[in-house]
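Undergrad: Those protein sequences? They're chains A and B, same order as listed.
With this note's numbering applied, the first sequence covers -17 to 275.
With this note's numbering applied, the second sequence covers -17 to 275.
Hints are supplied without guarantee of correctness; some may be wrong.
If several chains are the same, the list does not tell them apart, and a pair holds so long as it fits within one copy or across any two.
Computed list of lysine to any residue pairs in SDA-like fashion (alpha-carbon distance at most 20 Å, straight line) [what the hints assert, rightly or not]:
| # | residue 1 | residue 2 |
| --- | --- | --- |
| 1 | Lys27 | Ala148 |
| 2 | Lys142 | Thr11 |
| 3 | Lys225 | Gly236 |
| 4 | Lys(-14) | Asp88 |
| 5 | Lys(-14) | Gly236 |
| 6 | Lys85 | Pro69 |
| 7 | Lys27 | Gly236 |
| 8 | Lys142 | Glu10 |
| 9 | Lys215 | Leu23 |
| 10 | Lys259 | Ile217 |
| 11 | Lys45 | Val206 |
| 12 | Lys(-14) | Gln251 |
| 13 | Lys85 | Met71 |
| 14 | Lys85 | Cys70 |
| 15 | Lys45 | Ser254 |
| 16 | Lys259 | Arg184 |
Read the hints as simulated data drawn from the structure, not as lab findings.
Keep in mind that this is a model prediction, so the values were computed, not measured.
2 protein chains.
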Amino acid sequence: MEYKAQYEAYLAQASKALDAACGQFLPETSEVCRAARYSLLGGGKRIRAVLVLSVCDLLGGDKAAAGQFAAAVEMLHCYSLIHDDLPCMDNDDLRRGRPSCHKAFDEATAMLAGDVLLTEAFEVVANAPASAQACVRAARALGAGAGSRGMVYGQELDLKYEALAATEDQLRLIHRNKTGALINAAVQMGAAAAEADTETCRVLEAYAYGLGLVFQIVDDVLDVTSTPEQLGKPIGSDSENGKTTFATLYGVQGAMDLAQKLNAETCAQLHSHFGTKAAFLEQLAQQLLVRKS
Amino acid sequence: MEYKAQYEAYLAQASKALDAACGQFLPETSEVCRAARYSLLGGGKRIRAVLVLSVCDLLGGDKAAAGQFAAAVEMLHCYSLIHDDLPCMDNDDLRRGRPSCHKAFDEATAMLAGDVLLTEAFEVVANAPASAQACVRAARALGAGAGSRGMVYGQELDLKYEALAATEDQLRLIHRNKTGALINAAVQMGAAAAEADTETCRVLEAYAYGLGLVFQIVDDVLDVTSTPEQLGKPIGSDSENGKTTFATLYGVQGAMDLAQKLNAETCAQLHSHFGTKAAFLEQLAQQLLVRKS
């Protein structure tokens, strides 16, 4: 299937799995769950869900299990955005072109909406139509990517270096944890649905962290070169806050050159292991490199 | 073993499991994890951990698995206290006789400490030394008790009825979700470690919700009759806020009479199923009824 059509097919599958998860785990009768749905179903690229599904596909795994894992990782990602936008964190009023959760609802409701999405993400994994072994593997991957040696640690580092000048190594460490770790969780959850072996998981891990870093460098560039309309959130916030980014370190062109180089390496490694079967994952990486929003 | 000695033995086991979980999942290098440890290791009754361990014992289950599940449920309980104390929620400065997490650290660190404890609770379950089936069962129980049809829903209801007068039925619904659901999760995680059957789980569920309700009624009474020194937190906060409690509905004596009646029913049901094997769980319920803090 052609790349764009394949992406749309994965998106449709993710969307169906998310609707099912909402129906089962986020009852409409709760205001907190309505706030969670507001943020969860408010669009977004669904890169993490697409990664779960496409990795599972690549490895010939079970689609139903991967669908449910995909919903879980999007729920987890969404919780992190809601908490990240809160006044005590980044204090962002806009997300995906709409008022952020605590603006559309209130702070307490938004915090609880994040809490409920994080909790239900793990409940969704534990209730996936897969073997207990696959569910446990997926839960371990999600926990490792989202927690103290992954995303939350990245958020901590991000806050720490908000006012401090960071070196490239420090910036890489932030992004590896803040973005890379959950992208790797998504990829490993796809591998769990296919009960992949250790060597395959290692190759996929390198791809995930490579993709995550490139994604973040492009994010830094778009914060300088894009428009608020294109991004769905304010631009220039990094430089206003005096934050070190790949764009402040190397300039727009230097940062994009680095992103291109890293992306080429990431895709070459993946290709050398999987050959043409990895075409979708390579094209996904390429699209994230040239994206405008 | 005599009740008190048995309780101390469970506490010691829980404490050991918590230390191990901290070592593995809450690295000292992270400020957020230090904040999480500050709250997690700051004392408390560890009722939920003791329930996991004693239920597993009652059913002849695996102690090592139960120990790890016990650590997980205490981590989850601790996250809920940290988030509950935040300014956008109850805005409490004191917890277990010490500054609450956001007072000892700051708001962003406290929110992330709660997030990390919630995440790691599930990672601890997924990495327990138990069968994949037992881990999945425990994760389902923890998710169901903590999330949208459990504890978070209870917190939502609690906020909603903070300013509204509540009836007894509404108060019971709040407590069933806010307190009962996680106590039931603890009990079911003990049952999961012992791979208990459905009928046993049903009997234990009735005990858990009975215990949770009595616990909460006694809490309401202590808020009126205890001292800040005994409780480790301010007293009289419910009545100052005009909140409906069992003490405002029925007075101190009426509320304690109700708690005694409910406790007797709860213990009788448990006893009729397990006989003398349930002695520890019955004594635990009795101790929670007569406690002074």
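Undergrad: Each hint: holds or not?
TA: Evaluated hints:
1. Lys27 / Ala148: This pair counts as neither: shortest intra-copy Cα distance 29 Å, inter-copy 43 Å.
2. Lys142 / Thr11: between (39 Å within a copy, 13 Å between copies)
3. Lys225 / Gly236: Intra 17 Å, inter 60 Å, cutoff 20 Å: intra-copy only.
4. Lys(-14) / Asp88: For Lys(-14) and Asp88, the Cα distance exceeds 20 Å both inside one copy (38 Å) and across copies (45 Å).
5. Lys(-14) / Gly236: Intra 29 Å, inter 68 Å, cutoff 20 Å: neither.
6. Lys85 / Pro69: both (10 Å within a copy, 17 Å between copies)
7. Lys27 / Gly236: Result: close neither inside a copy nor across copies, 26 Å intra and 57 Å inter.
8. Lys142 / Glu10: between (38 Å within a copy, 16 Å between copies)
9. Lys215 / Leu23: For Lys215 and Leu23, the Cα distance is within 20 Å only inside one copy (17 Å; across copies 40 Å).
10. Lys259 / Ile217: Neither. Shortest intra-copy (37 Å) and inter-copy (65 Å) distances fail the 20 Å Cα cut-off.
11. Lys45 / Val206: neither (39 Å within a copy, 56 Å between copies)
12. Lys(-14) / Gln251: Neither, since 23 Å and 61 Å both go past 20 Å.
13. Lys85 / Met71: both (14 Å within a copy, 16 Å between copies)
14. Lys85 / Cys70: Cα proximity of Lys85 and Cys70: in one copy and across copies (14 Å, 13 Å).
15. Lys45 / Ser254: neither (25 Å within a copy, 47 Å between copies)
16. Lys259 / Arg184: within (17 Å within a copy, 49 Å between copies)
In summary, the structure is inconsistent with hints 1, 4, 5, 7, 10, 11, 12, 15 from the numbered list given earlier, while agreeing with the others.
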